[in-house]
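J.: Protein chains in written order, with the working numbering: chain A, 16 to 432; chain B, 1006 to 1266.
Rather than coming from a laboratory, the hints here were simulated on the basis of the structure. Keep in mind that the hints are not guaranteed to be accurate.
Below, a list of computed lysine-lysine pairs in the DSS-like style, where the Cα atoms sit at most 25 Å apart [unchecked claim]:
| hint | chain 1 | residue 1 | chain 2 | residue 2 |
| --- | --- | --- | --- | --- |
| 1 | B | 1045 | B | 1132 |
| 2 | B | 1234 | A | 97 |
| 3 | B | 1047 | B | 1234 |
| 4 | B | 1234 | B | 1058 |
| 5 | A | 54 | A | 173 |
| 6 | B | 1020 | A | 216 |
| 7 | A | 331 | A | 216 |
| 8 | A | 331 | A | 31 |
| 9 | B | 1047 | A | 54 |
From the derived model, a few chain B residues whose C-beta atoms are all more than 10 Å from chain A [claimed, not checked]:
| hint | residue |
| --- | --- |
| 10 | 1047 |
| 11 | 1088 |
| 12 | 1121 |
| 13 | 1141 |
| 14 | 1144 |
| 15 | 1158 |
| 16 | 1164 |
| 17 | 1167 |
| 18 | 1171 |
| 19 | 1185 |
| 20 | 1235 |
| 21 | 1237 |
| 22 | 1242 |
| 23 | 1248 |
It should be emphasised that the depicted structure is a prediction, and the values quoted were computed from it without experimental measurement. Glycine included, every Cβ here is placed at the ideal spot set by N, Cα and C.
Here's the letter readout for the chains.
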Amino acid sequence: MRTTGRASLLSITPFKVWVGLLGAVFAAGLVAMFIVFWKGLAVTNLTDLVPWGLWITIDLSSIAMSAGAFLLCAAVYLLGLKRFQPLARTATFIGLIGYSMAVMTLLLDIGRPDRFWHAILYWNTHSVLWEVTMCVTLYFTVLLLETAPIFGGLPLLKRRFPWASSRLSSLHHLAPYLAVVGLCLSMLHQSSLGATYGVLKAKPIWYRPDLSVLFMISAIAGGVSLTLLVSMLAGRLSPKVHVKDDLIERVASYLGWVLVVYLYFRFWDAFSMTYTYAPGRTEGLRMLTSGELAFNFWVGEIFLGVIVPIVILLTKRLRSQPGLRMLALLMVVGGVVAYRWDINMAGQLILMTYLPQEIVARYTQYMPSLIEFISGAGVVAYGILAITLGVRYLNIVDHQTIEQEEVEGVLDPVAGD
Amino acid sequence: MQTNDKNIGRRQFLKISAVVTAAAIGLRQVNRTSASSGKKGKYQWAMVIDQGKCTGCGYCTNACRAHNDVPPDISWNRVIEAGKIGDRTVYLSRPCMQCEHAPCVEVCMVGASYYRDDGIVMMDYDKCIGCRYCEVACPYGGRAFNWDAFTGDNPAVPTWGQPEVPRRPRGVPEKCSFCYQRIDRGLMLGLKPGLDEAATPACVVACPVGARTFGDLSDPESSVSQLLKDHPYYRLREDLGTNPRVYYLPAREETSHENNG
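For reference, chain B alone in the conformation it holds in the complex:
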């Protein structure tokens, strides 16, 4: 008799666990849709980098180093040689792509990487546990881990600017944030990011040849929207479907001549 009772108990238990599992899967599906699409806010920040103009001087990287207090062995904005047109070297400057479907955000188990409603992919350095899954997941090598603590002077300061954000601690990865601190402060002061230097990412401001443009994609009159309307452009690894917010205007014969002449 006792065994019989237990048998019913087991059956009920199996039923209950099936229901709980189904509910958990359902909840997960709901969460998935809300996590990956993200609410879109008023602004949708984007950057356009003109490879025809870029000379590979690296001012962008240096300015980024100073304003974001990036350690010397880490680059939030890498400048890479990317082939030649004629005898002129073409460069590719690579900040964080601020993907609309960012693999780093999707895989982060604690939600330390997250989307802002203006499209910026942010890092909560206080939440991160340093598992480095985001680093493995990023197709663009956009993240660098703080294997060691960054102590002492930043060689880029004060020549290239003053730090505007706190240093990241040892044991977390860090990456470009489109200088969110400049955007947020600028908007608060009534400035227009992309037009007013104080509200624009440091790399854009520092570029001596005007190869970088920053602005709001949801505003059709913004300089980024205009550039993308008038020029052929591409984004890195579009095949992955990450939908980056960094656009490149490819270097072509004509643009090289324009610059040289």
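Bound-form chain A, shown alone:
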């Protein structure tokens, strides 16, 4: 893949087309974002009845997809499972990009982006969103420190500024401590994002403790899936990248069990709701299972998002086929995104009246505007572009050279004696 000589610089390669395409979508997204900042949220299709829409879904999904970072770092640096080290490297970089996507989307979504810093300065400790803000801010810092050695390995930096490169790389000694902090912060806010919905009494379909648990487990499933998917794609598309397929396959089988646990909780969560007959909750469940979200729910979330991946990932014969495994991983990612969309929508499309004689729910509609779509696509394109460039120039997927270089920083209780 590496271009040598002047002539090949100008030649069209699939890589350049891919980067160009993503760059174009990102550029279009930037224009749309500029329009949003300039004209305000009036350019969206958000209303007072549905104040949270597509952007919140992208925001929640990118945070969920970043969950591989804390989990794999904890596995490597706290449990001493050194063999996962290469995957932790990939997951950490994806985490950094995922959280930066979330921050971008949030800036877009809040009515006063000029006051974003208020969220850090003014505290209402009673609000779960305050906790989420604090954790996301701190965890983003953790991710910056965790990915510093990756950036320190940039060839250009090594050549031109060797002192900076070695400084960044030396931060790797912090890895075990960062893993503890990252684990705590992630456990807190990944579940609190579910609680953000779960604590709202005004929306009966949301008001239940299960959302925190489900957000946590689905984030683990989605985050690990994306990490494996990116690793496999990189290994197939670039001859430079070497991946250990047996390692990926093993983690993929664990992932199958995570999905079983998720399905178990999901089943009881949904099943118990059929017995409450609470106004609003019954309608919400009906909207999910037979209403306008039914296709998303049954096909996107449950069948393609959970059941088919479980079958593929837990069957040795199917899992060992890289194509099928990648398909399963992709479907898990899609299922987690569908889950975030459905949860967000189910609570808002059903309106509870406050009139004493009619507690009957009513319905409303939401379809994102073109500007919302384009700016959202821009954020996603930025994420994919950043990961692509990371694979190409920062070796974020590298199952060969990493081990000798970096495993020295691992605190392994077994190796201590």
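Start from chain A and add chain B according to the hints.
T.: Okay, now just chain B, sitting in the frame of chain A:
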């Protein structure tokens, strides 16, 4: 040997982080109790709306628009048809409920929504970042977001009164404040909110049939306390435990006859 040292370091680190987490949770519990109960001041303002008297004319909404400079596409005080008694339509006028346990205050991450010690749920429009969590959390649809900037003339001015508070900027939600500006100014001038018009919410003053009453719940002699003592009343979605400070006297057959006759 080095590895051994690091191992001790890790253990200590785990211990320290456990202590820090426990301390943070403890602090949060302390904060929670102080945040949700709120100090109660001398006055506890409340509004009583008599649905038997309300004719749905919408004067309250118009007066509110002018005095609070509310844009035409937003209502701080919505008037909704709420069923029929005989052939007479019953209306429900809905300002902000000024809940004692307000979901909007509890969820606001920057504390832009807060309790005053007189029970009014206030908005700090300069602090708000416009995340709209309060809007999602409010069971009464009491909040409206400024999706666009309100520029130009307010059609309700001057017919229904003069603006007394600054306009809200684009990108923040807004809501009824029981006309805190009239209450505060009135008290400063020695007036009595609920009795003196200048110190009473604009909607109460504008109501042509006297369906709205405003006053201090902590004063047993106040008109709101008296009304609630003598009449059956209800509040919206009491099942949620929000404890609203807006009370409704339901329309009944007798009251409708009284009004018609």
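J.: The structure should be examined with respect to each hint, and the outcome stated for every one.
T.: Here's how the hints hold up against the structure:
| no. | hint | verdict |
| --- | --- | --- |
| 1 | B:1045 x B:1132 | holds, 23 Å |
| 2 | B:1234 x A:97 | violated, 72 Å |
| 3 | B:1047 x B:1234 | holds, 20 Å |
| 4 | B:1234 x B:1058 | holds, 18 Å |
| 5 | A:54 x A:173 | violated, 44 Å |
| 6 | B:1020 x A:216 | violated, 37 Å |
| 7 | A:331 x A:216 | violated, 45 Å |
| 8 | A:331 x A:31 | violated, 36 Å |
| 9 | B:1047 x A:54 | violated, 44 Å |
| 10 | 1047 | holds, 25 Å |
| 11 | 1088 | violated, 5 Å |
| 12 | 1121 | holds, 16 Å |
| 13 | 1141 | violated, 6 Å |
| 14 | 1144 | violated, 4 Å |
| 15 | 1158 | holds, 19 Å |
| 16 | 1164 | holds, 26 Å |
| 17 | 1167 | holds, 27 Å |
| 18 | 1171 | holds, 16 Å |
| 19 | 1185 | holds, 20 Å |
| 20 | 1235 | holds, 20 Å |
| 21 | 1237 | holds, 12 Å |
| 22 | 1242 | violated, 5 Å |
| 23 | 1248 | holds, 13 Å |
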